[in-house]
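Enquirer: Sequence:
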Amino acid sequence: MSSNSFTRQESQYPGDRTAPKASLRLEWVYGYRAANCRSNIHLTENGELVYFSAAVAIVQSISSRDRCQQRFFLGHDDDIISSCLHPNKNIIATGQIGKRAQICVWNSQGIIKLESLLQGHTDGVGAINFSLDGERLASVGIDCENTIKIWHWGRGKLLATAVGHSQRVFDICFYGDHVITCGIQHIRFWTVLGNTLQFEEGQFGKSEAQTLMCIGHFLSSDTKQSTESTDNDYLCLTGAINGDFYIWKKYKIYKLIHGAHNSAIYSIDMIPDGFLTSSKDGLIKEWTKDFSPTRQPIRIPCLINLIEEVSVCSVASRNGYCVAGTRNSEIYGFELNGNNNIPQLLVQGHHDHDASLYALAC
1 MSSNSFTRQE SQYPGDRTAP KASLRLEWVY GYRAANCRSN IHLTENGELV
51 YFSAAVAIVQ SISSRDRCQQ RFFLGHDDDI ISSCLHPNKN IIATGQIGKR
101 AQICVWNSQG IIKLESLLQG HTDGVGAINF SLDGERLASV GIDCENTIKI
151 WHWGRGKLLA TAVGHSQRVF DICFYGDHVI TCGIQHIRFW TVLGNTLQFE
201 EGQFGKSEAQ TLMCIGHFLS SDTKQSTEST DNDYLCLTGA INGDFYIWKK
251 YKIYKLIHGA HNSAIYSIDM IPDGFLTSSK DGLIKEWTKD FSPTRQPIRI
301 PCLINLIEEV SVCSVASRNG YCVAGTRNSE IYGFELNGNN NIPQLLVQGH
351 HDHDASLYAL AC
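With UniProt numbering as the guide, the letters of the sequence shown map in order to residues 1 to 362.
Just so you know, these hints were derived from the structure itself, not from any lab.
Warning: the hint list may mix true and false statements.
Between beta-carbon pairs, the in silico distance windows are [what the hints assert, rightly or not]:
no. : residue 1 : residue 2 : range
1   : 194       : 46        : 38 to 44 Å
2   : 294       : 209       : 47 to 53 Å
3   : 122       : 74        : 21 to 27 Å
4   : 46        : 235       : 30 to 36 Å
5   : 195       : 319       : 23 to 29 Å
6   : 30        : 302       : 16 to 22 Å
7   : 251       : 63        : 41 to 47 Å
8   : 25        : 301       : 55 to 61 Å
Below, computed lysine to aspartate or glutamate pairings styled on EDC-like, alpha-carbon distance capped at 16 Å [as the list claims (entries may be wrong)]:
no. : residue 1 : residue 2
9   : 249       : 290
10  : 99        : 78
11  : 157       : 115
12  : 250       : 201
13  : 206       : 244
Just so we're clear, the structure is a prediction, and the values are computed from it rather than from any experiment.
Cβ atoms here follow ideal geometry from the backbone N, Cα and C, with glycine treated the same way.
Generate coordinates for the entire structure from the input sequences, incorporating the hints supplied.
Expert: Written as structure tokens, this is what we have:
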């Protein structure tokens, strides 16, 4: 057989051989990023589900009528690893990885559009949070110094920055005019001073210092409590890697709930009458403002039978409806009240537990 039998001859394909003037349009994204992420699903003002996968942020209708509709924010140039919801429940902030990691603030309503682009972190943006008035944004990097930055996002202006900690910082949260961070065996309470921040170290007292994964607090736009910094009377909640729950006041442990979960508490969601927690033990628990469980916990099911335990890395709710994201890259939804509290699968995805995705064809 001739050596050029399989060689295409130019004469066989006469005419214009330039690429056609066509482009691809994204229609649907399968799965969501759960690996190395927490508290990264949200419900908007009109009940749409917001999450992300790779470099795409997704706004998905979850009503039975519009279940098959997705819209996308495509402003990132690398993988998104953090997100938060504005107090108005319509604006979203998303942070990415990369040597020049950026934060995008965008409007989820109607035609999705970029509102602000914030640049300054290196390596990645591990956690972000809006202030109660919605004007400022706090972020913490995944660089070696876990750098903290405070922004006026509407003006695209950096207000203050400081070294966060030598150990990994997992969450950041505004409390009035203050900022709280937590991570590996530490919690810090920050005050903005000019263009920098000053912190007070949280004191574990006689308790062994624990790694804290997430932060919550009861302060809201309807709260009568003062947010002035004169008395330093903070009150926040933190979930620990050992399943304990800490309530903090004046930099000290105000109350400790042992065994709130059987494993790491990954996410806290504040609701009108208390708060929700999600854990590595696969449970969603509802608590009162007095830190008492209100009902039987909701167990998130296992979609793949080979996996014995589901880890719930994110929980969010609105108007009595709850969504839970699992480490298996699935999202479930259920009613907190009423009879329809059996979790229903909303988003199905691939994960790295004996089921990696290596190829795709159509």
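Enquirer: The structure should be examined with respect to each hint, and the outcome stated for every one.
Expert: Against the structure, the hints come out as follows:
One distance hint, 38 to 44 Å for the beta-carbon pair residue 194 and residue 46, holds here, with the actual separation near 40 Å. Checked against the given bound of 47 to 53 Å, the beta carbons of residue 294 and residue 209, roughly 30 Å apart, lie outside it. Judged by the Cβ atoms, the range 21 to 27 Å given for residue 122 and residue 74 holds: they are separated by roughly 23 Å. Distance hint check: the CB atoms of residue 46 and residue 235 are about 31 Å apart, consistent with the given range 30 to 36 Å.
Against the hinted window of 23 to 29 Å, the Cβ-Cβ separation of residue 195 and residue 319 comes to about 40 Å, which falls outside the hint. Distance hint check: the CB atoms of residue 30 and residue 302 are about 19 Å apart, consistent with the given range 16 to 22 Å. Checked against the hint of 41 to 47 Å, the C-beta distance between residue 251 and residue 63 comes to roughly 44 Å, which is consistent with it. Judged by the Cβ atoms, the range 55 to 61 Å given for residue 25 and residue 301 is violated: they are separated by roughly 34 Å.
Distance restraint check for residue 249 and residue 290: the Cα-Cα separation of roughly 15 Å lies within the 16 Å cut-off, and the hinted pair is therefore satisfied. At most 16 Å may separate the alpha-carbon atoms for a hinted pair to count; residue 99 and residue 78 meet this at roughly 10 Å. For the suggested pair residue 157 and residue 115, the alpha carbons sit about 13 Å apart, so the restraint of at most 16 Å is met. Taking the CA atoms of residue 250 and residue 201, the gap is near 10 Å; set against the 16 Å cutoff, the hint holds.
With a C-alpha separation of about 15 Å, the suggested pairing of residue 206 with residue 244 holds against the 16 Å cut-off.
Checked against the numbered hints given earlier, this structure breaks hints 2, 5 and 8; the rest are met.
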